[in-house]
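Following the hints, position chain F against chain C.
Respectively, the protein sequence lines represent chains C and F.
Heads up: the first sequence begins at 684 in my numbering, then just goes up one per residue.
Heads up: the second sequence begins at 684 in my numbering, then just goes up one per residue.
Do not take every clue at face value.
Which copy is meant is left open, because identical chains are indistinguishable; a pair holds if it fits in one copy or across any two.
What the hints assert, rightly or not - With a Cα cut of at most 20 Å, we get these calculated DMTMM-like pairs of lysine to aspartate or glutamate: (1) K793 <-> E886; (2) K1081 <-> E1025; (3) K705 <-> E835; (4) K1081 <-> E763; (5) K1052 <-> D923; (6) K789 <-> D708; (7) K742 <-> D706; (8) K1052 <-> E959; (9) K857 <-> D923; (10) K853 <-> E886; (11) K1049 <-> E959.
It is worth saying that the hints were derived from the structure and are not from the lab.
2 protein chains.
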Amino acid sequence: MATQMTAARRGVATDEMKQVAKDEDVTLDWLIPKIAKGSIIIPSNNCRPQKIHNVGIGKGLKTKVNVNIGTSTLNVNLEEEIEKAKVAVKYHADTMMDLSDGGDVKHIRKTLLETAPITFGTVPIYEAYNYGVEVHKNPLNLTEDDYLNAFENNAKDGVDYTTIHCGITKDIAKRILKVQRYGGVVSKGGTITAAWMLKHDKENPYLTHYDYLVEMAKKYDVTFSLGDALRPGSILDSHDELQVQEMINISQLTKRAHEQDVQVMVEGPGHVPLNEVAANVRLAKSLIGDVPYYVLGPLVTDVASGHDHIASAIGAAVSASEGVDLLCYLTPSEHLALPNAEEVKAGLIAYRIAAHAGDLVKIRDKAIKWDMEMTEARRTLDWEKQLALSIDPEEAAKIHSRTGQHPGNNVPCTMCGGACVYMMLPQQKKYEKENENLQQIE
Amino acid sequence: MATQMTAARRGVATDEMKQVAKDEDVTLDWLIPKIAKGSIIIPSNNCRPQKIHNVGIGKGLKTKVNVNIGTSTLNVNLEEEIEKAKVAVKYHADTMMDLSDGGDVKHIRKTLLETAPITFGTVPIYEAYNYGVEVHKNPLNLTEDDYLNAFENNAKDGVDYTTIHCGITKDIAKRILKVQRYGGVVSKGGTITAAWMLKHDKENPYLTHYDYLVEMAKKYDVTFSLGDALRPGSILDSHDELQVQEMINISQLTKRAHEQDVQVMVEGPGHVPLNEVAANVRLAKSLIGDVPYYVLGPLVTDVASGHDHIASAIGAAVSASEGVDLLCYLTPSEHLALPNAEEVKAGLIAYRIAAHAGDLVKIRDKAIKWDMEMTEARRTLDWEKQLALSIDPEEAAKIHSRTGQHPGNNVPCTMCGGACVYMMLPQQKKYEKENENLQQIE
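Chain C with its partners taken away, still in its complex shape:
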């Protein structure tokens, strides 16, 4: 079967393209050439058994939000993961990644794929790691075949995209020990691979066998997320030579995948101070071109433990406004523990705000309609509409219900009470919709 990119290059409109065109209110004539050249991807494994809602990711489309769930060797509870997956779908995650590396990862993956009928990603090296722990009794005793099998297992299960850390080389792993890094290497996949390369004095299996991975990816239409193994884990390390070297490597690997019609996005940081966030996106885009760029936050400070969803939503909003296409959420429990379902929701909502704030810059004409409707509902004291339009209608209604006059259209809330600005200057309410624009009656 062909990949979405193959189809696009042949000028064929797939069902997935039609869905994306409809969701994003664009024409197929606009969309298809962008998929053909790789500036838009539709991660969509062609053997995934579940019927899912596919999303497009890339330039000119809405910024998407990814939710990470999954076990670790210290916390395996499939029921909890299922609950998290349901919460993510309920609160409109665009994509989900299962990062499980503890327990029966294959069973967990299949269960979560069934639970969440949305675009689904994994990190195959986590399965390899798990195999190393369970079978070899040491994750560093993995063979190169174990690495490759893990990738193929994920592809065959129908995973739509996978993160592969193929930009970290043996040379970089050796430099890690000599270069001053305040935060060290914080990508799990990157660290496992670095430790493996140092132990075996061998090159990164995902780099050595990249052509094979490309072949597999083409077969199943698995989209690559070229992983950011050297992403800074402290704002002090932002844009150091390791991170930038890896980005250069990845830009070359992107071209090799594109030559075989394999869809690619590139992963970014991490921890980045606020004044470097825009520069990060611009540097990445200048190296990788318009290939979709996917970032974790970034966190704009290291001190916000317990509230890292907020610290990183700041970086995520700025990233999105500068051209990032997919945002990977962080939850309040980042750096502390695996998230629970409540924290999954908190992270997702924070990131949907960040994504929309970015879209108000990137694709303003489309994105502004939501704010326009909300403004009108607010000005006319239409509480029912205002609550329904909120990013989190449940939470908004819960708070507003404390006013005791819920939803109570045409009455003020307890915030301003009798001094409600829309009652004090009542003529402010007298606007009318006309030609889809809000016009004031003079």
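This is chain F only, laid out in the frame that chain C set:
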């Protein structure tokens, strides 16, 4: 008694200046000229009966966070307000504003001044509004004397700074009715004043009697926060002619206050799309010079009801990084209801993150020390230190305790489990502190 500005212009170091110099790790020689010219203020009413912890606000100092509490005509519960004030002090608010306009506002103010021994602000027109409701039975039947008495009452009670909406003129009020504004006028004080001017066909009392206010402010050393009556209440209205006209008016009024040694800060928006936040700060600073700039958020989208603390922390962080000196928090209940104590905390923590993210840009050399210590604690798996350094140690500890090995130094958390990056590449932990820098052992 002289104002802090008078003292600074005479080269006299006050106790308040000494406190600020110590807190900010600056010399008096550096600080005093800046207070003299108005780029730094120390709001400090000279008849405030409580001994408080004063803060300095302005260029070169840490970004400060203000917490708003107070009643409305629809919600008067002094016990709740006391609880909010205590929460704000506990979680390190720099300043607090009592915005009460319901109930016995004078008693509430005095109680909150006693409860919170920190820099304290009010909006006198809210007392005037309350007087109008209670005594005149119509807030628009206020006299000019009522306006002025409210200001004087606040000054005599020891309020350190007050917001006065003196930049909104009768001409602007008339233009409000003709100019298309999607969100209308959303400043409560601005709306009351606009409605009053339109009803009486008179100029703004706080503008007509500005010299008298300056005289009172000089007598008590009340710092002016020149209010942003026309701040956009929708990102659609950002930087319209009304907002910018008011900013120009305020820049002129600032000079008149400075001539009389009265300290001033200027208030900003509001709702501003992300790509205009930096421009907002630059425009304001270009009009008002280096006078401290104080913003509400701004919110970068209108749709985040229930989570407006996050949507506005995004704007606040960018604002701070661009030069904003004081951030007024928003809580999750903004636009929906008066906040409760839990929401006061949520808003404050979000804003302390935003302020610090800004400081990492504005005063990096000082601000980075916190992140550096956190990074070291994280890298060395020193959980006790990591939790203590968190912006919200209680919440961080609560989450981490779920790992079942809390605090458990030198063990991984449930996020990465056995694949903990600092155990996988153990040499990453082998750093040492040297000359206050983190150096890696090669």
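Regarding K742 and D706, is the shortest C-alpha distance of 20 Å or less found within a copy, between copies, in both, or in neither? within (15 Å within a copy, 47 Å between copies)
Go through the copies and call it for K1049 and E959: within, between, both or neither, with a Cα cutoff of 20 Å. Answer is between; shortest inter-copy Cα gap is 18 Å, intra-copy 28 Å.
What label fits K793 with E886 when the C-alpha limit is 20 Å: within, between, both, or neither? neither (31 Å within a copy, 71 Å between copies)
Up to 20 Å CA-CA - E886 versus K853, copy category: within (5 Å within a copy, 74 Å between copies)
Can you give me the call for K1081 and E763, within, between, both or neither, at a CA distance of at most 20 Å? between (25 Å within a copy, 19 Å between copies)
Homo-oligomer pair classification [D708, K789; C-alpha up to 20 Å]: Answer is neither; intra-copy 37 Å and inter-copy 56 Å both fail.
Treating 20 Å as the Cα threshold, decide for K1052 and D923: within, between, both or neither. between (40 Å within a copy, 19 Å between copies)
Within, between, both or neither, where K1081 and E1025 count as close if Cα-Cα is 20 Å or less: Intra 16 Å, inter 14 Å, cutoff 20 Å: intra and inter.
How do K1052 and E959 come out at 20 Å by Cα distance, when the copy is not named: within, between, both, or neither? between (30 Å within a copy, 18 Å between copies)
Is it within, between, both or neither when you check K705 against E835 at 20 Å Cα-Cα? neither (32 Å within a copy, 61 Å between copies)
Given a CA cutoff of 20 Å, do K857 and D923 count as a within-copy pair, a between-copy pair, both, or neither? Close inside one copy (15 Å), not across copies (56 Å); limit 20 Å.
Comparing the model with each earlier hint shows violations of hints 1, 3, 6; every other hint is respected.
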